Amino acid sequence: MAQLTQAARPTLDRPISIVSWLSRKNRAYYLLGYVLLILLSAWTIFPFYWQIATSVRLDVDLYRPSVTLVPQALTLEHYAKVLTGTSSQFPIQFRNSLYVGLGTTLVAVVFGSMGAYALTRLRFFARAGLARILVYAYLAPASVLFIPLFMLMNSLNLRDNLLGLALTHLTFSVPFATWMLMGYFKTLPIELEEAALVDGAGRLTTLWRIVMPLSAPAIVVVAVFTFTLSWNEFLYALVLIQAKENMTVPVGLTAYVVADVFYWGQMMAAATIMSLPPLLLYFFGQRWVIAGWTAGAVKN
Amino acid sequence: MATLGTTARRMPLAVPAGGPRLGRDWRLGYALTLPVVLVIVGLIAFPLGYSVWLSLQDIKLGGQGTFVGAGNYSKILLDSTSRIHDQFWNSVYVTAVYVGGALCGKFILGMTTALILHAQIKARNLWRALLFLPWSIPAIVSSYSWKWIYNDVNGIFNNLLMGYGLIERPILFLADPTLAVWSVLLAVIWQGTPFWTMTFLAGLQAIPHELYEAAEIDGASTAKSFWHITLPNLTSVILVTVMLSAIFTTNSIQYIYILTNGGPGGATETFPLLAISQGLRAYDLGIAAAIPLLFFPMFALFIYVLTKRMLRTES
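Going down the list, the protein sequences come from chains X and L. Start counting the first sequence at 1; every next residue gets the next number (my numbering). Start counting the second sequence at 301; every next residue gets the next number (my numbering).
Only true hints are included.
Rough simulated footprint, nothing fancy, chain L against chain X, three-plus residues with beta-carbon under 8 Å:
1) 29-43
2) 114-127
3) 135-143
4) 168-180
5) 273-281
Estimated spans, in silico, between C-beta atoms of each pair:
6) L/435 - X/160: 29 to 39 Å
7) L/601 - X/52: 39 to 49 Å
8) L/462 - X/245: 37 to 47 Å
9) X/64 - L/422: 38 to 48 Å
10) X/64 - L/505: 44 to 54 Å
11) L/435 - X/84: 24 to 34 Å
12) X/91 - L/475: 25 to 35 Å
13) X/161 - L/465: 51 to 61 Å
14) X/32 - L/334: 55 to 65 Å
15) X/157 - L/360: 15 to 25 Å
Simulated from the structure, these hints should not be mistaken for laboratory data. Please read these numbers as outputs of a predicted model, since none were measured by experiment. Note that the Cβ used here is the ideal one computed from N, Cα and C, for glycine as well.
Based on the provided sequences and hints, a complete structural model is requested.
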């Protein structure tokens with residue numbers, strides 16, 4: 001039956017002449033599909049291409065009346081100015097973003113693992129209610145929260161402060177991490193933990209020695225997502241941070257707008273550098289995840 | 301009693317099937333969930349309540365508040381002589397156009413992309429990587445890219461159009477009151493489509509292939525099987541995606557903030573932008589707290605439905 005299904009579905013593995021290809025059933029849809037694929041890809045790629053192309057262009061090339069789609073000459077001067085310019089705040093802001101992102105991620109993963117373990121393995125009053133509140137919390141709109149959080153951080157003397165900003169990032173990262181890890185913990189075979197408990201290991205030992213190592217792929221994925229959310233966060237950072245040396249990169253990018261004059265080359269260079277950490281994390285995280293899944297001999 | 305509890309805990313396998321198999325342990329349960337509860341109470345629930353309290357006061361930043369009851373709400377909703385009344389109703393209209401337009405655009409593009417990626421195409425991974433590209437770029441970064449693309453001086457759109465002699469003067473994509481919201485929408489749709497593609501792809505993969513085979517045997521056209529098989533089977537995925545995306549689209553302010561900052565003349569001022577300008581520029585915190593709260597019932601409804609669904613798929 002499976003083979004029949006396989007044969008009935010059109011395959012494009014063998015080279016065929018375009019005429020016989022088109023004359024087959026549904027071929028028009030495939031042709032339309034490829035045309036659409038090319039158009040859609042051009043649409044998704046263009047702004048990114050333009051960002052990179054702008055960042056490596058000479059200023060004379062950028063502000064010419066008839067700009068060309070392909071840069072005339074390549075330069076790294078914008079990157080140099082952003083990274084090493086004497087008045088550039090970018091390196092400090094990059095470090096700030098790293099601090100906030102890493103701190104938020106660490107707290108979210110630790111709190112999330114503890115909470116998720118309790119919510120999936122332990123039985124206690126209000127467990128189900130708490131799981132429900134977690135989803136409410138995750139979806140709590142930032143547009144409602146930013147004014148009171150601003151006032152809260154103001155009264156705690158944590159406004160214009162990286163710790164205060166990191167605290168606001170917990171509002172989305174902790175519920176998110178807990179919820180994601182709950183989903184993963186539920187898929188883990190419970191027999192291993194039972195065996196450990198029977199052998200006299202405590203709950204915390206079981207969590208630390210069995211659940212956490214088995215969950216490494218999920219933890220990496222959650223960490224990557226949490227870090228990215230925090231790294232890209234804009235509203236709380238905009239509202240809370242005033243001093244340039246306290247800004248994270250998303251808000252710091254506004255520095256390339258000086259009284260309606262845009263330094264587009266530097267702006268796009270800074271923006272490109274900002275896009276790198278999440279991309280690198282996805283790249284390495286993906287390898288981790290695949291390794292985690294394929295090495296799953298322990299799991300069923 | 302305590303010994304009994306301990307014994308029960310030490311015998312995890314003795315707990316009847318159906319409940320959590322590892323038994324009862326409330327002390328550790330509360331201890332382990334305490335940090336999460338603290339975050340939810342301290343940083344989400346308390347601020348929400350505080351926001352309601354703020355919205356009932358006439359309070360300026362740094363000043364002492366006076367309790368005005370529903371005064372702020374009636375001023376915003378009913379007092380046609382106040383400026384904030386006009387601004388608020390304008391923001392309701394703009395938010396509706398913005399979110400509605402974004403949802404429609406993302407639905408059409410996301411569905412098209414998902415259907416193509418679901419079909420048997422060559423080099424699927426490559427195409428997928430290209431089509432998901434907008435997702436992997438931070439929204440703040442791409443919002444600046446779009447601002448540069450739309451720019452009236454040396455922006456690539458205007459440069460190309462003028463280069464081919466199609467227009468004589470630059471089009472003010474972001475400064476023209478009627479055009480601005482559509483320019484913002486185009487960029488927002490660009491950024492948000494991959495999320496829809498992803499959920500639709502997952503939904504498509506869950507539809508049993510036998511349904512299509514049966515339809516093919518019955519002689520149904522591709523369009524017909526899309527209408528009678530694909531769409532009905534995706535209803536719940538579509539519903540969840542629409543609600544999630546509505547919440548995310550309304551709350552992510554980067555694109556509007558960077559592209560137009562609510563301008564020109566309020567033409568793109570959705571309610572979070574209005575709340576920001578009331579709170580952080582006019583320093584009128586009571587009003588600023590009340591504005592998002594007026595939209596909260598809609599969010600609450602979405603969140604309620606979503607929660608029910610998320611928990612149902614869990615169990």
